[in-house]
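Each protein sequence line maps, in turn, to chains A and B.
Take the first sequence: its position 213, counting from 1, is numbered 213 in the numbering used here, and each next residue is one higher.
Start counting at 1 in the second sequence, then tack on 219, and there's your number in the numbering used here.
Hints are computed from structural coordinates only; laboratory data are not their basis.
Note that beta-carbon positions come from the ideal geometry of N, C-alpha and C, so glycine has one too.
Where hints are given, some of them may not hold.
Listed next, the stretches of chain A that the computed footprint assigns to chain B, with coverage defined by at least 3 CB atoms under 8 Å from CB atoms of chain B [said to hold, decoys possible]:
| id | stretch |
| --- | --- |
| 1 | 107–118 |
| 2 | 123–130 |
| 3 | 134–146 |
Pairs of lysine-lysine, DSS-like flavour, derived with a Cα cap of 30 Å [claimed, not checked]:
| id | chain 1 | residue 1 | chain 2 | residue 2 |
| --- | --- | --- | --- | --- |
| 4 | B | Lys293 | A | Lys211 |
| 5 | A | Lys45 | B | Lys287 |
| 6 | A | Lys211 | B | Lys351 |
| 7 | B | Lys337 | A | Lys211 |
| 8 | B | Lys222 | A | Lys45 |
| 9 | A | Lys45 | B | Lys301 |
| 10 | B | Lys301 | B | Lys351 |
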Amino acid sequence: MSWQIITQSLPIFLKAFELTLWLSAVGIICSIIVGILCSLVQYFKVPVLHQIITAYVELARNTPLLIQLFFLYYAFPVIGLKMSAQVCGIIGLVFLGGAYMAEGFTGGFAGVNSSQIDDGKALGMNNLQLARYVVFPQGFALSMPALTANVIFLIKETSIFSVIAIPELTNTALDLIGMYYRSNEYLLVLVIAYAIILIPVILLLNYLERKVRYGTFGD
Amino acid sequence: MTKEVLRVEHLNKFYGDWQALHDISFTLHQGEVLTLLGPSGSGKSTLIRCLNGLEDFKSGAIYFKGQKVETNSKNWQELRQKIGMVFQSYDLFPNFTVLENILLAPVKVQKRPEEEVKTEALRLLKRVGLEKYVNSYPRELSGGQKQRIAIVRALAMHPEIMLFDEVTASLDPEMVRGVLQIVTDLSQVDHMTMIIVTHEMNFARQIADQVLFLENGKILENTPGEEFFKHPKTNRARGFLTSMDF
Numbered sequence: 001m002s003w004q005i006i007t008q009s010l011p012i013f014l015k016a017f018e019l020t021l022w023l024s025a026v027g028i029i030c031s032i033i034v035g036i037l038c039s040l041v042q043y044f045k046v047p048v049l050h051q052i053i054t055a056y057v058e059l060a061r062n063t064p065l066l067i068q069l070f071f072l073y074y075a076f077p078v079i080g081l082k083m084s085a086q087v088c089g090i091i092g093l094v095f096l097g098g099a100y101m102a103e104g105f106t107g108g109f110a111g112v113n114s115s116q117i118d119d120g121k122a123l124g125m126n127n128l129q130l131a132r133y134v135v136f137p138q139g140f141a142l143s144m145p146a147l148t149a150n151v152i153f154l155i156k157e158t159s160i161f162s163v164i165a166i167p168e169l170t171n172t173a174l175d176l177i178g179m180y181y182r183s184n185e186y187l188l189v190l191v192i193a194y195a196i197i198l199i200p201v202i203l204l205l206n207y208l209e210r211k212v213r214y215g216t217f218g219d
Numbered sequence: 220m221t222k223e224v225l226r227v228e229h230l231n232k233f234y235g236d237w238q239a240l241h242d243i244s245f246t247l248h249q250g251e252v253l254t255l256l257g258p259s260g261s262g263k264s265t266l267i268r269c270l271n272g273l274e275d276f277k278s279g280a281i282y283f284k285g286q287k288v289e290t291n292s293k294n295w296q297e298l299r300q301k302i303g304m305v306f307q308s309y310d311l312f313p314n315f316t317v318l319e320n321i322l323l324a325p326v327k328v329q330k331r332p333e334e335e336v337k338t339e340a341l342r343l344l345k346r347v348g349l350e351k352y353v354n355s356y357p358r359e360l361s362g363g364q365k366q367r368i369a370i371v372r373a374l375a376m377h378p379e380i381m382l383f384d385e386v387t388a389s390l391d392p393e394m395v396r397g398v399l400q401i402v403t404d405l406s407q408v409d410h411m412t413m414i415i416v417t418h419e420m421n422f423a424r425q426i427a428d429q430v431l432f433l434e435n436g437k438i439l440e441n442t443p444g445e446e447f448f449k450h451p452k453t454n455r456a457r458g459f460l461t462s463m464d465f
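Isolated chain A, as found in the complex (with noise of 0.2 Å):
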């Protein structure tokens, strides 16, 4: 083990760092924009979409993350439609994603006690004023742990990028044992690296969750 390779390699890992943060980032806030939107219209049986997006979910979430970007990288150019290969890993992302995302809502949802819907009728509200006052944010509250999970799990997944050149933290890793051949001082890094990202995240989130507890509103 020399600390000379790993203080070496820092600045180049440092890069890859960012992007991997940056992706991740970008591509966790849009999948729970999308698994949101979906769960909704999951939650309230609208006509047509319920179906489009059953479909999607069953998709998205019984593929490989892999294949999804084997797909859009090699297959899409084919058919015309070229695009940079981290637009592609950040769509791929999303794709998979915004399906678990929208798993753990619709949970979240279904949670909600049906008095409290028979509450929110009662009173007169349409089903976009349910959703917003009733069910979003006691459902919200319920998937939290099923938020905290997926974004863990897609965190990591960003290493899959590494499959189509994208200089994310993984790749760089392997790149540099390629070329060095020093496979326990890059390795640890890598590890360290997910490490300084997924830690503070986990906190982050666990302490969200406890917030947010269904029943603890206010605090």
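On the provided structure of chain A, position chain B as indicated by the hints.
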């Protein structure tokens, strides 16, 4: 003759093949209190839920102030603003304070000015003796307090009819009186038109202008209140009253 507010004609309701309500018909006039009595599973709650569209029904019709109710969701949304309902579950929205719970529907659904509704909310809270909890969250309140606020929340919509579905059934015995007192006041002071499902026989006897006695989804008796308790017509109702009279 007072004005007719609600009329139900030949209402039939099914859950799958099972018929929950059989040919229900009755009329409710302005200021009247109709009490639905009967054993558990007799269809009282199902019936009261049909009256503001929380349950649909297969055939029959509901008339609100003489107008036949079109049973589509848009129309029910409009109508529910005039037909307030309070449930057994005494649920308030846990993510809002007491005041926010009360303001939500009048301000967001009815688009009334917030200041005006707020003044009214405070007046109503004072009336039920809970004005000091105006900024509390539901979890800080007891079941009875929550139920009183749920009543205030429904009243703030200015309903023309109030539906009460076993509003004291899950409360601590000590909390029951306070809630029933508010309902009684609503009838005696405000002359509110009400439909009440209850198992509190003394309360029903005091407040009911008219009693519907249901069993297995059928109306066995439709009798003026006092008369029902003094001289029930059917053996079933007599047996029911005796069993409740402990």
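Given hint Lys351 of chain B paired with Lys301 of chain B - CA-CA distance at most 30 Å: 28 Å, holds
Outcome, coverage of the stretch 134–146 of chain A by chain B - at least 3 residues whose beta-carbon is closer than 8 Å to one in that chain: Contact hint for the stretch 134–146 of chain A vs chain B: holds, 4 residues under 8 Å.
Distance restraint between Lys222 of chain B and Lys45 of chain A, which requires alpha-carbon spacing of 30 Å or less: 40 Å, violated
With the threshold set at 30 Å, check whether the alpha-carbon distance from Lys211 of chain A to Lys351 of chain B stays at or below it. Judged against 30 Å, a Cα distance of about 26 Å means the pair holds.
Distance restraint between Lys45 of chain A and Lys301 of chain B, which requires alpha-carbon spacing of 30 Å or less: Holds, at roughly 27 Å.
Verify the proposed pairing of Lys45 of chain A with Lys287 of chain B, using a straight-line Cα cut of 30 Å. Distance of about 28 Å is within 30 Å: holds.
Distance restraint between Lys337 of chain B and Lys211 of chain A, which requires alpha-carbon spacing of 30 Å or less: 29 Å, holds
8 Å C-beta criterion, at least three residues: is the stretch 123–130 of chain A covered by chain B: holds (count 5)
Would you mind confirming whether the straight-line C-alpha gap from Lys293 of chain B to Lys211 of chain A stays at or under 30 Å? Roughly 36 Å separates the two Cα atoms, so the pair is violated.
Are there three or more residues in the stretch 107–118 of chain A whose C-beta lies closer than 8 Å to some C-beta of chain B? Since 4 is at least three, the answer is holds.
In this structure, the earlier hints numbered 4 and 8 are contradicted, and the remaining ones agree with it.
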